[in-house]
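Chemist: This is what each chain is made of:
2 protein chains.
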Amino acid sequence: MAPPVEGGDAALLPEFPRGPLDAYRARASFSWKELALFTEGEDMLRFKKTIFSALENDPLFARSAGADLSLEKYRELNFLRCKRIFEYDFLSIEDMFKSPLKVPALIQCLGMYDSSLAVKYLLHSLVFGSAVYSSGSERHLTYIQKIFSMEIFGCFALTELSHGSNTKAIRTTAHYDPATKEFIIHSPDFEAAKFWVGNMGKTATHAVVFAKLHVPGDQCHGLHSFIVQIRDPKTLLPMPGVMVGDMGKKLGQNGLDNGFAMFHKVRVPRQSLLNRMGDVTPEGTYVSPFKDVRQRFGVSLGGLSSGRVSILSLAVVNLKLALAIALRFSATRRQFGPTEEEEIAVLEYPMQQCRLLPYLAAAYALDYFSKSLFLDLVEFQRGLASGDRSARQAELGREIHALASASKPLASWTAQQGIQECREACGGHGYLAMNRLGVLRDDNDPNCTYEGDNNVLLQQTSNYLLGLLAHRVQDGACFRSPLKSVDFLDAYPSILDQKFEVSSVADCLDSAVALAAYKWLVCYLLRETYQKLNQEKRSGSSDFEARNNCQVSHGRPLALAFLELTVVQRFHEHVHQPCVPPSLRAVLGRLSALYALWSLSRHAALLYRAERRRSCPGRRDRSS
Amino acid sequence: MAPPVEGGDAALLPEFPRGPLDAYRARASFSWKELALFTEGEDMLRFKKTIFSALENDPLFARSAGADLSLEKYRELNFLRCKRIFEYDFLSIEDMFKSPLKVPALIQCLGMYDSSLAVKYLLHSLVFGSAVYSSGSERHLTYIQKIFSMEIFGCFALTELSHGSNTKAIRTTAHYDPATKEFIIHSPDFEAAKFWVGNMGKTATHAVVFAKLHVPGDQCHGLHSFIVQIRDPKTLLPMPGVMVGDMGKKLGQNGLDNGFAMFHKVRVPRQSLLNRMGDVTPEGTYVSPFKDVRQRFGVSLGGLSSGRVSILSLAVVNLKLALAIALRFSATRRQFGPTEEEEIAVLEYPMQQCRLLPYLAAAYALDYFSKSLFLDLVEFQRGLASGDRSARQAELGREIHALASASKPLASWTAQQGIQECREACGGHGYLAMNRLGVLRDDNDPNCTYEGDNNVLLQQTSNYLLGLLAHRVQDGACFRSPLKSVDFLDAYPSILDQKFEVSSVADCLDSAVALAAYKWLVCYLLRETYQKLNQEKRSGSSDFEARNNCQVSHGRPLALAFLELTVVQRFHEHVHQPCVPPSLRAVLGRLSALYALWSLSRHAALLYRAERRRSCPGRRDRSS
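Chains as they are written, first to last, in the working numbering: chain A, 18 to 641; chain B, 18 to 641.
Pulled out of the complex, with its shape left as it was, chain A reads as follows (with noise of 0.2 Å):
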């Protein structure tokens, strides 16, 4: 295990190297050291610096200065690296339990270090451990032991070639052999092929495997897990009736082996069921503990949260990598002036200074509200482990699901058009190679994709408060949620007859001012896109076609606006706390404005239109 960092503040956070930003740094209202011990705590500080220091002193992270590695070279290195990782031990199983919010913190330091490490790591200690925690049981638990020790390196295959969003239309079999009491893993055709499956190309022995479970009698149980060998692990050499293969080079995170693979026929035991959902019995009997099919799916709906909430906390690292790099570029490039003699930092440019500064604040807020839900999701997973079948943990499911869903698009795409941004905003030399802003779009650019189309993921948002408002108006049900994010809606009627009364930009600097009107915006956006719904379904549209009409001008802009309002609150409450140190409350509070009015303004369209059908309730807006 690595040694931590000792001693005091001074050898955890020591000063910058003096240099050009020295001016800058002198004119901070707040001390910077004061701001990161109240954003991350000195156990926190100390626990990735720990991490930084191991990688800083160990040759194989060395990076060869304008080495051109070669996809084979590349995806090698990635692997002896993450190897590396578990041998340092940076967090054992205890800690994880008992300081949960360094599980994000040891992924985010490897995600500044190279995307594609944090995300192998990830993919085979999180998302393949996770789904043999979370949906085995008992006698998987030898699995877990052997995924920590790498004994086994594994994958998560759900995603088949011409199936990825679309889950229910994976079409993987598992036809249950009570002769043998083994599963035959089947793909029908290449188009069943799983594909994309991160870790799958070189380097995974083990797979848990997504596929339509039957049992004798030919009775179909729906999509179940296993875990399937795929590889031997002493040659890597394949399984006998496993087809496995690398997809080539990517857009980015070309470190991680993204591979494909078909099973003729691979027969495993009855036992590699992960059967926390279902199980089948020695003679081919199948039984589920849950009786209500409406828990069981909110179970099985936080469990696919974890990789979600892990892509919105990769997001957020690739915005704060590229935002120190453009705010510092942009405080020592001098570009025209007052004069043709004194030219300015470009920072003090209003334009420079619009382009940036708002993604800062979101870095701070998005950072904050990753830390938050993740921490929601521990909870929901400890309901899971001890087997917490109450209502209220099936709500939680449905809740973070909610959150997760509409929260990793948010991160992902604020943090692509941050980095493009950041890239432009340093002009030519945001160009070069060597400054990194290219290959933090390349590898933050998946986390739009994978784990659920952004675009696809907003639709479960947006579902699941249409959901509870037609629960309301049909049934009288209050809106309630475990984490309390859709509680506020209860009072939408009242919200609604609210107008926006402040007299003064100064005001408007609070962001209290700015929660109250996104409060009014997803109430009036939920409600819209509810009639809007009913009206389609009226007209004669399917349930299907009603809800794709809607998505674009309503359930799309309502599932955002709701995360926004969730992030700005949780941030905003967060940095009025009175546990905030008082010198820093100043600068909190603008970084939460700024964030809450940014984020607000690009609905302002949507703000006056309503204002404007209020005022003239009698003549609907053209365009509806």
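Incorrect hints may appear among the rest.
Heads up, the list lumps identical chains together, so a pair's fine if it works in one copy or across two of them.
As the list claims (entries may be wrong) - Listed next, the in silico DMTMM-like pairs over lysine to aspartate or glutamate satisfying Cα-Cα at most 25 Å (straight line):
#	residue 1	residue 2
1	Lys554	Glu359
2	Lys516	Glu628
3	Lys282	Asp194
4	Lys229	Glu359
5	Lys554	Glu357
6	Lys229	Glu358
It should be emphasised that the hints constitute simulated quantities derived from the structure, not laboratory data.
What you are looking at is a predicted structure, and each value in this text was computed from that prediction instead of being measured.
Could you slot chain B onto chain A? The hints should help.
Modeler: Just chain B now, with coordinates in the frame of chain A:
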């Protein structure tokens, strides 16, 4: 010279191979061949086909599947391909004069093959070549022949390490020495090194170098350009006093060798000065044919436009390529559907249509605009070549400068965002390198930066419009420009009194409707920006501060809206000409309306706010 393609329409526009796209193609409401003939014309189709056939049949242009070319190898190959393009002699100098549109057509064809090749060719033949041709005089014509035979290979060295956008701060010097009748080209320090110069890294033998011209008595006459030999054409070794090298890996366009150079008191003959704008007599006296500084400035601005207009057309190519990939994928990829059994093509989803089809319309509108602006530029350059020193010629230079300065940002951003949307719209498959969307994005990216950062350039356009309004307000001058792009502004008081009175969505499907709204919007933004600028100045801001404070929320949207209006106007007129085949009128009209409405909709918040201010004139919006 490559043999032209013979034969009739069938050879020119052969049927597509049969495949999964047939069903959609069969549903088209128009003949794609007719559309191709209308858009390009038979002569141009034949010209493009000649180029594509030559490249297809030449092994030098074969792509080795899956090969990861090293930087060195790729740059070498790109140079050989560039040389081969000259050998094919697709376009003689005479042809260029006869059919000027073949120039951008050739660049576009090369861009379809590889941006690095198009830019390398463009930089040598058009940027370097044009600079010599337009800024030089009789005595420089000898270079032109050598450029086309590739006896010399050129680059355009304006940008320095510390100064790109701010050309006035360029610090390379050229001191005239009457004793030897030479200029001494010198880089005072490394911050004044020429930087980012395309072709300079490995291959250029000559550079057009911008330097501050000094004559004896230490009088500085500002920036002038010189032809300087930087390498021996036989050995490619640097000339004495020249330190030149390659800048290394970039985010994209890695076939292009961008370089740097420092000059240590390099002596070049007096005749190296490109002397159209000003010359130095053998004795060392500075002379200029232009009496009026404003006129001289107008002429030199027009010269800057050719690079921007070429970038506009390269951006359009990138957008076209990405759209073809994404739309074809969307038409064949099936995911989800009205029932679990029946999946539909993702192109059927309103979401996918809203993501992709506006960019398709943008590609058509911008493609047409790029050709029309190129022809305007040709008119300007002919004036330049014939020594036209009329006020009209100078006005034309200014107008083209204003249009080109905003069209490069609009096209490069539209392409960048469109390619990203295409990438995401193809899901995971869009992230596979072989599907090319990454290369297109990376190769398009520098279009946002080179020849002027997009945001900086937009200020040129808003300044142009503000200058015209000031002229009108202060001197009663009319809004009149040679290309008539600003003439409508003359009626701005009455345009601002107009109201949007269209009563149905169907009526909006004529781009004339969006066009009228755009005119109103540009008048509104121009007046608001002018007022804001004067208000800033009255409250004590310097001109520099006032412009910076106005740019984000006023000048920038003004410049973009003005250019969008110009694009919409030209495309609207183009598709409503009497010569449009009747069978194409509907589809072209829809494309025109879609582009216009989509672009306009991005200003929706502004339109609502403006309406609100008009209906409540006493109650100013709080955000102002």
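Chemist: Now, for every hint given, state plainly whether the structure supports it.
Modeler: So, going through the hints one by one against the coordinates:
1. Lys554 / Glu359: between (65 Å within a copy, 20 Å between copies)
2. Lys516 / Glu628: both (9 Å within a copy, 19 Å between copies)
3. Lys282 / Asp194: Only inside one copy: Lys282 and Asp194 sit 12 Å apart there, 86 Å across copies, limit 25 Å.
4. Lys229 / Glu359: between (70 Å within a copy, 18 Å between copies)
5. Lys554 / Glu357: between (65 Å within a copy, 20 Å between copies)
6. Lys229 / Glu358: Classified as between: cross-chain Cα gap 15 Å, same-chain 72 Å, threshold 25 Å.
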